[in-house]
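J.: Each chain, written out:
There are 2 protein chains.
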Amino acid sequence: MPGPRKVLIIGGGFAGLACAQKLANDSRFAVTLIDRRNHHLFQPLLYQVATASLAAPDIARSLRGVLASAANVTVLLDDITTIDCDTHTARSADNTYPFDSLVLATGAHTSFFGKDEWASHTVGLKSLEDAQTIRRRVLTGLERAECSADPDERRRLMTVVIVGGGPTGVELAGAFSDLVRRALKADFRRINPADLRILLVQSGDRILKPFQPDLSDYARQRLEDLGVEICLEARVDEVESGRVHLDTGRWIEAATIIWAAGVQASDLTACLPGERDRGGRLLVSPALSIPGHPDLFAAGDIVSVPGPDGEPVPGLAPAASQMGRHIAAVLREDQRLATTRYARRKSEFRAAFRYRDKGIMAIIGKNCAVAQAGRLKMRGILAWAAWLFIHLLFLIGFRNKLAVLLQWGWAYLVDKPGARVITGHDDKVA
Amino acid sequence: MPGPRKVLIIGGGFAGLACAQKLANDSRFAVTLIDRRNHHLFQPLLYQVATASLAAPDIARSLRGVLASAANVTVLLDDITTIDCDTHTARSADNTYPFDSLVLATGAHTSFFGKDEWASHTVGLKSLEDAQTIRRRVLTGLERAECSADPDERRRLMTVVIVGGGPTGVELAGAFSDLVRRALKADFRRINPADLRILLVQSGDRILKPFQPDLSDYARQRLEDLGVEICLEARVDEVESGRVHLDTGRWIEAATIIWAAGVQASDLTACLPGERDRGGRLLVSPALSIPGHPDLFAAGDIVSVPGPDGEPVPGLAPAASQMGRHIAAVLREDQRLATTRYARRKSEFRAAFRYRDKGIMAIIGKNCAVAQAGRLKMRGILAWAAWLFIHLLFLIGFRNKLAVLLQWGWAYLVDKPGARVITGHDDKVA
Chain D
1 MPGPRKVLII GGGFAGLACA QKLANDSRFA VTLIDRRNHH LFQPLLYQVA TASLAAPDIA
61 RSLRGVLASA ANVTVLLDDI TTIDCDTHTA RSADNTYPFD SLVLATGAHT SFFGKDEWAS
121 HTVGLKSLED AQTIRRRVLT GLERAECSAD PDERRRLMTV VIVGGGPTGV ELAGAFSDLV
181 RRALKADFRR INPADLRILL VQSGDRILKP FQPDLSDYAR QRLEDLGVEI CLEARVDEVE
241 SGRVHLDTGR WIEAATIIWA AGVQASDLTA CLPGERDRGG RLLVSPALSI PGHPDLFAAG
301 DIVSVPGPDG EPVPGLAPAA SQMGRHIAAV LREDQRLATT RYARRKSEFR AAFRYRDKGI
361 MAIIGKNCAV AQAGRLKMRG ILAWAAWLFI HLLFLIGFRN KLAVLLQWGW AYLVDKPGAR
421 VITGHDDKVA
Chain W
431 MPGPRKVLII GGGFAGLACA QKLANDSRFA VTLIDRRNHH LFQPLLYQVA TASLAAPDIA
491 RSLRGVLASA ANVTVLLDDI TTIDCDTHTA RSADNTYPFD SLVLATGAHT SFFGKDEWAS
551 HTVGLKSLED AQTIRRRVLT GLERAECSAD PDERRRLMTV VIVGGGPTGV ELAGAFSDLV
611 RRALKADFRR INPADLRILL VQSGDRILKP FQPDLSDYAR QRLEDLGVEI CLEARVDEVE
671 SGRVHLDTGR WIEAATIIWA AGVQASDLTA CLPGERDRGG RLLVSPALSI PGHPDLFAAG
731 DIVSVPGPDG EPVPGLAPAA SQMGRHIAAV LREDQRLATT RYARRKSEFR AAFRYRDKGI
791 MAIIGKNCAV AQAGRLKMRG ILAWAAWLFI HLLFLIGFRN KLAVLLQWGW AYLVDKPGAR
851 VITGHDDKVA
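If you're matching them up, the sequences are chains D and W in order.
Those letters in the first sequence? Residues 1 to 430, per the working numbering, in order.
Those letters in the second sequence? Residues 431 to 860, per the working numbering, in order.
Hints in this document: simulated from the structure, not taken from any laboratory.
Be careful, since some hints might not be right.
Claimed, not checked - Covered stretches of chain W (chain D as the covering partner; in silico rule of three or more C-beta atoms under 8 Å from a C-beta of chain D):
| no. | region |
| --- | --- |
| 1 | 486-495 |
| 2 | 605-617 |
Unchecked claim - Restraint-style ranges between C-beta atoms, simulated for each label pair:
| no. | chain 1 | residue 1 | chain 2 | residue 2 | range |
| --- | --- | --- | --- | --- | --- |
| 3 | W | G544 | D | G262 | 50 to 58 Å |
| 4 | W | G544 | D | T81 | 53 to 61 Å |
| 5 | W | D697 | D | R189 | 22 to 30 Å |
| 6 | D | Q221 | W | E763 | 36 to 44 Å |
| 7 | W | D697 | D | A186 | 49 to 57 Å |
Unchecked claim - Computed list of chain W residues with no C-beta within reach of chain D, every gap over 12 Å:
| no. | residue |
| --- | --- |
| 8 | D725 |
| 9 | L767 |
| 10 | A782 |
| 11 | G804 |
| 12 | V844 |
Heads up, the beta-carbon is just placed ideally off N, CA and C, and yes, glycines get one too.
Here chain D stands alone, though its shape is the one from the complex (with noise of 0.2 Å):
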């Protein structure tokens, strides 16, 4: 009798820790989950690290903790370089992992579409480091500015530009706002908090492009009244220490530049075979598998695979669960079907990915989100009270929720959010 099929999961975010979690405890596995972090992050709280609401724990759980009861699951934290397709192998600096399948979930990096200089620029918003980041520079610009007697140096150290106008961008300007208008407030003597200008920089004619119209314009709206500037239409096309440069012909001096604007699949996926589209992202069977390839899946935000309506499913949390768990239960059913006759056709019996569409929705600021499933469109106060919900909902371990939950009640009584402490250095805050 052979023993357990080696299921080598690299990436622990929402695909790969679904997967994880679905094979867990079958003893028909050995699973090994690798990642680079110690911890699964719940990236859609992640702007709220940035704008200072939460604390990083708060927001990721770590992945042994998770697993811990998954007997027949390993994770390691180590940083694959390379995979070689023909041997089912998988390296790192220090060790090799060989496998017989193969789920490649490591996820999307921030795009600068080939300007690549422009990274030390700017800050992403990928990881609880660049939301650190992003929270050391506005609160030490703000702190700079209090000290600084110059006007345009203060005008400068005041101006954050976020590049993208998605549901990133949207939150972390209407979060910003939130912060100097109402936590802000009464701290500062010589400047006055609500003075941050915040600027969302939008390549298209309209914010929140994945939305109905008339939920992008009501978003615009509401972020205008909140002080925030929208240059919709813009380009940036040059991006320099401390200042941008928009393609209707201006410059801004900012000393916070967010890049919120595009990202591409991880730099692994070089290493499958198969084709892949324009943003790098693996065209995969409608079981998830490399055409050709029975044994080597792939998931998340690196896939593009047509979703219902014919349109790429979308890189979101959900979908990315959906097809982590979908390529557990394709690995399940070829060992159920490995002592049968299907064997060999195994690829030819795989149910088809689908994915189930349950809706879009981003918050703008207290009392305020934008919200659509199928044809049901909400916005305002109901909305966000959904947002808030369903985010608790899903955000991974009890004990997270329970302190988040803590922080978004107190946040709301009292307007005073927890997180405002500056750690770490930055060279970069000029």
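For this one, chain D is given, so just place chain W on it according to the hints.
T.: Chain W in isolation, oriented as in the chain D frame:
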């Protein structure tokens, strides 16, 4: 009529903050509080951030937030580099701050007894960054041990040396033991986290020297029950990257070396006139000013002043707070007398600082602590409960109290501390 008296407080720790709070909304004073950090740090709980029990923002609070309602207090984030006592000005790289009265409360930093090159191989425990570095090193050590096949390397990765057997060292040792023996019990597949070797190196013949000998013995026994190796009468005489040498003649290989052996008064004390003790602490008058300089005050860990028993007042948070409040009282009394004929002789009429010793305590592990106050001694679960209660009581900010209470309750019930999240990068983990 003259304007308000310009009081410059440097340092927002226990002493500086208490002084500012006591002068709040007294219109006779224009107070400026300057700190290099934007937050007040509750240092007695710092070891819990290092041992992954609490998140950084749980034990820190924005100085601006604390002093928001104090209209006569301006909080500035700046790094004072020099003080000119003749012209009554303090200077940072960019700014000059004139003052009528100075309150220096910049605290102590880790001291290596002249071996400053050891700093790069060890971590102290004075700031949130230090705590996060310790957490990262220990957790990363375990992660690398799980990946490693070499038993010597595993042993090195799973060794933590704590230099210094005072309360900080004891609390760290006990908390790390709890972490690996309880919280991480089920998390690893290849290593047993309880094999983490924790060495506590103490130069004297007992740990917790400020305590009664029987409490020291009790603490030692309890730590040994928790698996901590205690090396008494051992001095570190060499530190290299990844190993320390004891004067008892052996090298210890360790991925994490924590330095909790000594502190030294902040470098800014050198700008003030007068004598100082061996630790660089200023010898101040009974009213906490520099002898002969009635407008230069100093408080907290940078001063040496005799307590009621003739011994110097210890470097503890309550002592620092008491000093800060005393200076504020002296300043207010000076102002009251300023309009009388005693004005010129004010320093003669000043009240002497009287340290009210509330006792000392140290936590050893779950359900176990030692405490003494005067002739009262406590140990075990009662002392532990008292420790928790008192630390919650004095933790600044209702939100922080609530957050810490929640985390402690959760950790007590399910043995799973919530902050097991590695953030930041650390090139020095070999």
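J.: All hints, please: hold or fail.
T.: Now for the hints, and whether the structure bears them out:
A stretch counts as covered by a chain when three or more of its residues have a beta carbon under 8 Å from one of that chain; for the region 486-495 of chain W and chain D the count is 8, and the coverage holds. Restraint check on the region 605-617 of chain W versus chain D: 3 residues with Cβ-Cβ distances below 8 Å, three needed, restraint holds. A hinted range of 50 to 58 Å for the beta carbons of G544(W) and G262(D) is consistent with their spacing of about 53 Å. Range check, G544(W) to T81(D): Cβ separation about 43 Å, and the 53 to 61 Å hint is violated.
Evaluation of the 22 to 30 Å hint for D697(W) and R189(D) yields a pass: the beta carbon distance comes to about 28 Å. At roughly 57 Å, the beta carbons of Q221(D) and E763(W) sit outside the given window of 36 to 44 Å. The supplied range of 49 to 57 Å is broken by D697(W) and A186(D), whose beta-carbon atoms lie about 34 Å from each other. For D725(W), the condition that its CB be more than 12 Å from all CB atoms of chain D holds, with the nearest at approximately 23 Å.
Separation of L767(W) from chain D is adequate, the least Cβ-Cβ distance of about 29 Å exceeding the 12 Å criterion. The claim that A782(W) is not at the interface with chain D holds, since no C-beta of that chain comes within 12 Å of its own (minimum 34 Å). The claim that G804(W) lies off the interface holds: its Cβ sits roughly 36 Å from the closest Cβ of chain D, which is beyond the 12 Å cut-off. The beta carbon of V844(W) sits about 8 Å from the closest Cβ of chain D, which is not more than 12 Å, so the claim that it is off the interface is violated.
In the structure shown, a violation is registered for the earlier hints numbered 4, 6, 7, 12, in ascending order.
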